[in-house]
Each structure stands twice: as C-alpha cells, then as structure tokens.
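Residue-level listing of the chains:
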Amino acid sequence: MIRNLYDREIINGFRRDEKQSIRTLYLMYYRSLCYFAERLVDDKTEAEDIAHEAFLRLLDKQRDFDHISDIKSFLFTVARNICADHWRNKKRRESGIQELKYLDSTDDVFAEIETVRAKALQLIYEEVENLPGQCKKVFKSVFIEGKTTSDIAAEMGIMPQTVLNQKAKALHILRLALAQKNHSLAAASLIILSFFSRH
Amino acid sequence: MLNIKIEEIIINFIDGTITSEEACFLNKWIQESEINKQLFEELTHPELVSKELQKFYTYDEELGWNRIETELAHRKKIKQTNWKYWTAAACMLGVIVTTVVIFFKGNDNIIENKVATVVKNDVEAPQSKRAFIQLANGETVALSSVEKGILTEQGRVNIVKNSEGQIVYQGHATETVFNTLVNPRGGTVVSLVLNDGTRVWLNSESSLKYPNSFSGNERIVEITGEAYFEVAKDPAKKFIVKGNGVITEVFGTHFNVNTYNDEAETKVTLQEGSVRVLKGASSGFLKPGQRAAFSNKSDQMAIDNTDVDKVLAWVYGDFNFDDETLPDIMRQLARWYDLEVSFEGKPPADLYSGIISRKSSLVTVLQILNAAEGIKYSIEGKKIKIERTK
Numbered sequence: 000m001i002r003n004l005y006d007r008e009i010i011n012g013f014r015r016d017e018k019q020s021i022r023t024l025y026l027m028y029y030r031s032l033c034y035f036a037e038r039l040v041d042d043k044t045e046a047e048d049i050a051h052e053a054f055l056r057l058l059d060k061q062r063d064f065d066h067i068s069d070i071k072s073f074l075f076t077v078a079r080n081i082c083a084d085h086w087r088n089k090k091r092r093e094s095g096i097q098e099l100k101y102l103d104s105t106d107d108v109f110a111e112i113e114t115v116r117a118k119a120l121q122l123i124y125e126e127v128e129n130l131p132g133q134c135k136k137v138f139k140s141v142f143i144e145g146k147t148t149s150d151i152a153a154e155m156g157i158m159p160q161t162v163l164n165q166k167a168k169a170l171h172i173l174r175l176a177l178a179q180k181n182h183s184l185a186a187a188s189l190i191i192l193s194f195f196s197r198h
Numbered sequence: 000m001l002n003i004k005i006e007e008i009i010i011n012f013i014d015g016t017i018t019s020e021e022a023c024f025l026n027k028w029i030q031e032s033e034i035n036k037q038l039f040e041e042l043t044h045p046e047l048v049s050k051e052l053q054k055f056y057t058y059d060e061e062l063g064w065n066r067i068e069t070e071l072a073h074r075k076k077i078k079q080t081n082w083k084y085w086t087a088a089a090c091m092l093g094v095i096v097t098t099v100v101i102f103f104k105g106n107d108n109i110i111e112n113k114v115a116t117v118v119k120n121d122v123e124a125p126q127s128k129r130a131f132i133q134l135a136n137g138e139t140v141a142l143s144s145v146e147k148g149i150l151t152e153q154g155r156v157n158i159v160k161n162s163e164g165q166i167v168y169q170g171h172a173t174e175t176v177f178n179t180l181v182n183p184r185g186g187t188v189v190s191l192v193l194n195d196g197t198r199v200w201l202n203s204e205s206s207l208k209y210p211n212s213f214s215g216n217e218r219i220v221e222i223t224g225e226a227y228f229e230v231a232k233d234p235a236k237k238f239i240v241k242g243n244g245v246i247t248e249v250f251g252t253h254f255n256v257n258t259y260n261d262e263a264e265t266k267v268t269l270q271e272g273s274v275r276v277l278k279g280a281s282s283g284f285l286k287p288g289q290r291a292a293f294s295n296k297s298d299q300m301a302i303d304n305t306d307v308d309k310v311l312a313w314v315y316g317d318f319n320f321d322d323e324t325l326p327d328i329m330r331q332l333a334r335w336y337d338l339e340v341s342f343e344g345k346p347p348a349d350l351y352s353g354i355i356s357r358k359s360s361l362v363t364v365l366q367i368l369n370a371a372e373g374i375k376y377s378i379e380g381k382k383i384k385i386e387r388t389k
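So the protein sequences, as listed, match chains A and B. All residue numbers for the first sequence refer to numbering that gives the first Met the number 0, where the first residue is 0 and numbers rise by one. All residue numbers for the second sequence refer to numbering that gives the first Met the number 0, where the first residue is 0 and numbers rise by one.
Among the clues, some could well be false.
Unchecked claim - Using 25 Å as the maximum straight-line C-alpha spacing, the simulated DSS-like pairs for lysine-lysine come out as follows:
(1) A:K166 <-> B:K309
(2) B:K128 <-> A:K139
(3) B:K54 <-> A:K139
(4) B:K232 <-> A:K118
As the list claims (entries may be wrong) - Computed far set for chain B versus chain A, every beta-carbon distance over 12 Å:
(5) F131
(6) I166
(7) V167
(8) V176
(9) V192
(10) E229
(11) G316
(12) D317
(13) E339
Said to hold, decoys possible - The following label-pair restraints were derived from C-beta to C-beta distances:
(14) B:F284 <-> A:R15: 33 to 41 Å
(15) A:D65 <-> B:K286: 42 to 50 Å
(16) A:D16 <-> B:L62: 17 to 25 Å
(17) B:K27 <-> A:R7: 28 to 36 Å
(18) B:Q133 <-> A:D41: 56 to 64 Å
Keep in mind the hints are simulated off the structure, nothing from the lab. Think of the CB as a built atom: it goes at the ideal place given N, C-alpha and C, for glycine as much as any other residue.
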C-alpha cells in the first residue's frame, strides 16, 4: 500500500518531467542494467554505455507508462536489444571470431536467463538502497565491503554494539519493507538474512 | 496462466510464500533445461548472490547521472527550438491547429474535473518548499526562488543551493552575522549544510538560527520545532543546540531534537556518538539509541532507550506511529498538512500504529491508519473536525 503510493508519486513526477522522479528511476535501475549488459557483452565500459542508452530511450517515452513494473520491463528489453545490436555489429566487423557469447537463437536462451538473473538481483539491490542512512551504511560495510564489526565501529565512530544493533535493525526493516511491497519481494530479506548467519 | 514473472516466483520460493500453482510452474521451468536449473541454484545460494550484488557497486552511478543530466539539458534546448518552429507552422496551418488545440483542451478539462472530484475533501501533502532564510539585515530569501546556484551573498560568504536542493554556506566571513532558516507549517522538510560542514534537516513548523560562519571556540545554534543534526567533527569546538530551554552539547554526532511547544516534553534522541543534555539543574549524558525527555513545565528529565528509526522517520520521509492516540497523531499531521484540528466531544482513546509516506494525502493517511472506524471526520479546506461514532 505504502509502496504503491510511493510508486504513483514517481510515475506522476516522471510524466511531468520532474528531475527528482527521473533521478529516482535512474538510481533504481541504472546499476542493474549495467550489470545485465556486462553479463551479455563482457565489457564494463560498453555495458555502462548500453545502460545509458537504454535510459535515454525511456526518456523518449515519458508519457507511456502507468506502472513502475512496465518501466522495468521496458528498460531490460531495450538493453537486451542494444546488446544484440552490439554483437551483430561486432560480428560484422570481426567475422571469423568464434567467441561470440550472445547471438542467434541459442543465445536468446542465454539472454533470457540473464534477464531473469538481473531482474531478481535488482529487487534485492533496491531494498538495500532503501534502508535508512546509518542502517544502510552498516549494512553495506558488512555485506558489500565485507568489513568486520570492529572496523566499522572505528570508522563510523560508534560502538561495536551499535553496529550489531544496526545490522539487526536493517534486517528487520528489510523484512518490513518487503512485506509492504509485493509479497514476491519478501524473499530478498531471507537471502540477506542467511548471509548474516554465515558471517 | 500465471500472471507473475519467473524471477518473482523464485524469490517466493526462497521466502516460503510460494503458492502450489507457482510451485508447479517453477518445477516445470526448472525441468525445462539445465541452464534454468543452474540459475535457480545460483539465485538460491546466498554467497553467490552476495558476490553478484557486489558487482552492482562497481558502476559509478554519479558519473552516469551526469551524462543523463547533460542530455536532459540538451534536449530542453531542442524542445524550445522545436516550439519556435511549430509556432511558425501554426500560423500557416491556422485552422487545423485550432482544431487540435480545442481537442486537447477538452481532454484536459475532463482530467481536471476528475481530479477535482477526487481531492475535493482531502488535503494534499506539501509539494513545495515554503522555507525561507531571514538574513541578519531583515531581508528574506525564499528557497524555492532558485533551482540551483547562488541564493544570496553575505560579505564573503555565498549561500548556495546545490543540485540536491540542499542549502550550503561557502567561504569565510569577515564578521559573524546570524541568519534564521524558517520552515512554516505545511512546508516540506528542508536541509542545510552549515559553514563547518554540519548538516541539519528541519521539519515543518520549525526554525534554526545559526551564524553564517562559526568563530570563537563554540558553535551555537538555536532551534524551534524539530531538527535532526549530523554534526561535523571538531574536537576543539563544541557544537551546542539550544531549544525550549534545553541545551545539547556535542562534539560530532547524529541526533534529533524535538522542541515543539504543543508537545508535553522536549526530546533529544541520539543516533550516533555522545551528547550532554542539560536544562536548569538537570543534566545527563546520552548513549546511542537513548532519548532524554524534559518536561516543558519544569526541569524534570528522564532518559530511556528508544527506537531511533521511529524518531527519525520524518527525515526519511515517513510518519511512524506506534500505539499513539489520535490527538498525538493529529498534532503531527497538523504541522505537516497545515491543518486546524478540532475534536467534537472527548477524543477517542484508541491507539493507532503504522508507517506511512509523508507524500500521501491526508485522507490516505487516515485510511491507512484505519482511523475511519469508530470516528467520523469532515474536512473543509484546511479544517478537520473529528467526532466519535461509538
């Protein structure tokens, strides 16, 4: 419910060409699109260009979307098409090279599977990014940067116990936030929860 | 056929919320191919997911955003040029263009009418910044007046609004003057970066008095209403917040001060670091996660543990009610939506809980809280009247 209201705000702002909404959507999807494209074209700089291009094409169709989920589908479809073009051009240029990862029908399967992977990871990423300030900082330090509790405590000038508390809080909020969203997203917290039990 | 995507079903599976229909679908999907099976295994393997998610953070999103911004600015220019072209074309194709305009106008009216019926008896969330800065010389500067760039100059200090809408003080002052940032009722939350790098968020119906530059060996600011501080570390210069007679002394830390006059207590909540609070004869030190509550009628003080995220919900753009009475809730709503609240008879004693976006309209908030049950409310303009029905 809360989530849907927030989505509504973003869509309306996006239709009205408000920069804040454009940026929100960009932050929501840019990194997952880069990741997706890099899986397909195996080149980081190229991948970032593809994500950029996909986003520009979204901006051409600002009034065409009623739901955030449609925007997500659109962005991944466009990125996938750009990747296909990329490979076609590359093949034309360097015909004879056998290492093509993505082309033709067998490669459609590959692209399809990568789409599922990137979209699933995007859901988890979005929830991590939506954590409140200190929670997010602690969470990312542990989870993304692999730092220890005492290092984080020293770096942030907080007590080790506070780091542990924030970690627990992050998990709690993640689960709450996910529950409010589509129930399908709730699993992300479980994945993340199991990270912690292993750390 | 299932109207749900495979990645969502996989996540439902991990979560344990998968339906039997979805499980059947997922099973079929896994059997379909070796590559499907492999992906399923990878996505349900925590360490692998962690490793992949780490890659997300290797992409520079600020750099990418700069490229988008450049493109947006470029497009705006092109649009304006196109507009000139179309104006010229319109003169030649007068009749056709007129028809088109009427057609679109008609449509717009329908939309507007619809919107009007929906929001007739509702109050929208604050949309724009109402806040302004009162300069030492009496002049005021509205924050909404500039999209980005220099708001005003004060001696050698520039008051600048950055791309995130935050107000920043740059430069060193030759003489210290005091400015006041005022955020009236019904204004969105504003944030400010002081000359020493300290960040302050100001809730609606609040104000912050601060110098354009901190001189001497103390950094002193005064507030009314509610503010959240992320103080820049400077062991040589104490940072002091004064509000409602309560003094909070800090050295570099994150904390919230609530001094609303219509509340029974003035509250200081510490998120990070350490602060000393005092009022009259009472004083004490706070640890992270603790809150000091001072009675507004005496010097009495109590320190207890609190849920910091609930206290800071306003900074994150939410209302966070936890077993609160309707009068308590309505006081918070009144500041945000700029309301006049009145209760017909004795206010209900029921308790309400919920986390709701501050961007929601008033009626939406009330509906989510389910406050409509057992009470009746009527909204007229900015006045809301509440009555018990049971």
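Fill in: Broken hints, by number
2, 4, 10, 11, 12 and 14
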